[in-house]
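Asks: Sequence:
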Amino acid sequence: MERYSKVGMQELDQRLSKIVEAARKKPVSVYRYGAPWVWIVSQEDWQGALKEVSSYIPPGHSLVLLRPQIDDLLDEHREVLLAAAADAKMLIAPQTVMHILLLQLLYSVPGEQQLYEQLNYNLLFRWFVGLDLNQKVWNFNVLSKDIATLLDNPRAVLLIQKIVGELFCGALLQMPEFSLNFALLHTWLARHPAVAITNN
Numbered sequence: 001m002e003r004y005s006k007v008g009m010q011e012l013d014q015r016l017s018k019i020v021e022a023a024r025k026k027p028v029s030v031y032r033y034g035a036p037w038v039w040i041v042s043q044e045d046w047q048g049a050l051k052e053v054s055s056y057i058p059p060g061h062s063l064v065l066l067r068p069q070i071d072d073l074l075d076e077h078r079e080v081l082l083a084a085a086a087d088a089k090m091l092i093a094p095q096t097v098m099h100i101l102l103l104q105l106l107y108s109v110p111g112e113q114q115l116y117e118q119l120n121y122n123l124l125f126r127w128f129v130g131l132d133l134n135q136k137v138w139n140f141n142v143l144s145k146d147i148a149t150l151l152d153n154p155r156a157v158l159l160i161q162k163i164v165g166e167l168f169c170g171a172l173l174q175m176p177e178f179s180l181n182f183a184l185l186h187t188w189l190a191r192h193p194a195v196a197i198t199n200n
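The numbering of the sequence shown is full-length UniProt numbering, which starts it at 1 and goes up by one.
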């Protein structure tokens, strides 16, 4: 038994609804002028054919190479992040939100709405924050609230500064894919003047 069926354009025009219904059970290859043209497949088959999101990310990308070091620094401060999350009842894991904030800095994403849109369609962003291809992005209000929670926490903001300072600042000239927004980082730090002064 063949894994798919074949139809021509004329048959597609005449029997569209029946062919689409049949495609729910078995993919249909539509031929045009004797050559394959398009496929009609069910949602389940399409999702099953998609690869893991990580397979679309170049292994030599700077973000991929630096990811282990970023995660090591976040792991060192796991307790601080978990405490902040518990106090504010965050719905998104705090380390995930830290990844999101780093993306905003590294790629100069101007605002939360644009950041939200990027998380919906940018495969690199989805990979970095741990979203699968078919996984829905968090509700925008939830995302915005959890971002605000960490930005209100001086130790979390200081950790972002530490990651940027230790892993990115010295090598930015060799990583042209980034457009690090130092002004945004300074804005976040300015919300906690005591911390900023202590660590300058």
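To be clear, the hints were calculated from the coordinates, so they are not data collected in a lab. Fair warning: there could be bad hints in the mix.
Straight-line Cα separation of at most 25 Å, DMTMM-like style, residue types lysine to aspartate or glutamate; simulated pairs [to be verified]: (1) 89 / 76; (2) 6 / 52; (3) 6 / 21; (4) 162 / 45; (5) 145 / 45; (6) 89 / 52; (7) 162 / 44; (8) 89 / 152; (9) 162 / 52; (10) 25 / 11; (11) 136 / 71; (12) 136 / 76; (13) 162 / 177; (14) 162 / 21; (15) 26 / 13; (16) 18 / 45; (17) 18 / 52; (18) 25 / 44; (19) 162 / 112; (20) 26 / 11; (21) 136 / 117; (22) 162 / 71; (23) 25 / 13; (24) 89 / 75; (25) 89 / 71; (26) 145 / 52; (27) 136 / 44.
Asks: Starting from residue 6, check that the Cα of residue 21 is at most 25 Å away, please.
Replies: Given pair residue 6, residue 21 holds - Cα atoms ~14 Å apart, limit 25 Å.
Asks: Below or equal to 25 Å on CA atoms is what counts here, so check residue 136 against residue 117.
Replies: Answer holds: residue 136 to residue 117 is near 12 Å, not above 25 Å.
Asks: For the pair supplied as a hint, residue 145 and residue 52, confirm whether the alpha-carbon distance does not exceed 25 Å.
Replies: violated (29 Å)
Asks: Can the restraint linking residue 136 and residue 44 be considered satisfied, given a maximum Cα separation of 25 Å?
Replies: Roughly 16 Å separates the two Cα atoms, so the pair holds.
Asks: Holds or violated: residue 89 and residue 152, Cα atoms, limit 25 Å.
Replies: With Cα atoms ~14 Å apart, residue 89 and residue 152 stay inside 25 Å; holds.
Asks: What's the verdict on residue 162 and residue 44, does the C-alpha distance respect the 25 Å limit or exceed it?
Replies: violated (44 Å)
Asks: If you draw a straight line from the CA of residue 25 to the CA of residue 44, is it 25 Å or shorter?
Replies: Answer holds: residue 25 to residue 44 is near 10 Å, not above 25 Å.
Asks: Taking only the CA atoms, is the gap from residue 25 to residue 13 under or equal to 25 Å?
Replies: holds (20 Å)
Asks: Does residue 71 lie within 25 Å of residue 89 when you go C-alpha to C-alpha?
Replies: Holds, at about 22 Å.
Asks: Measure nothing beyond the straight line between the CA atoms of residue 26 and residue 11; if it is 25 Å or shorter, mark the hint as holding.
Replies: holds (17 Å)
Asks: Would the hint linking residue 89 and residue 76 be met if the CA-CA limit is 25 Å?
Replies: The given pair, whose Cα atoms are some 21 Å apart, holds under the 25 Å limit.
Asks: Given the hint that residue 162 pairs with residue 45, test it: the Cα-Cα distance must not exceed 25 Å.
Replies: Distance of about 45 Å is beyond 25 Å: violated.
Going down the numbered hints, you'll see the structure goes against 2, 4, 5, 6, 7, 9, 12, 14, 17, 26, while the others check out.
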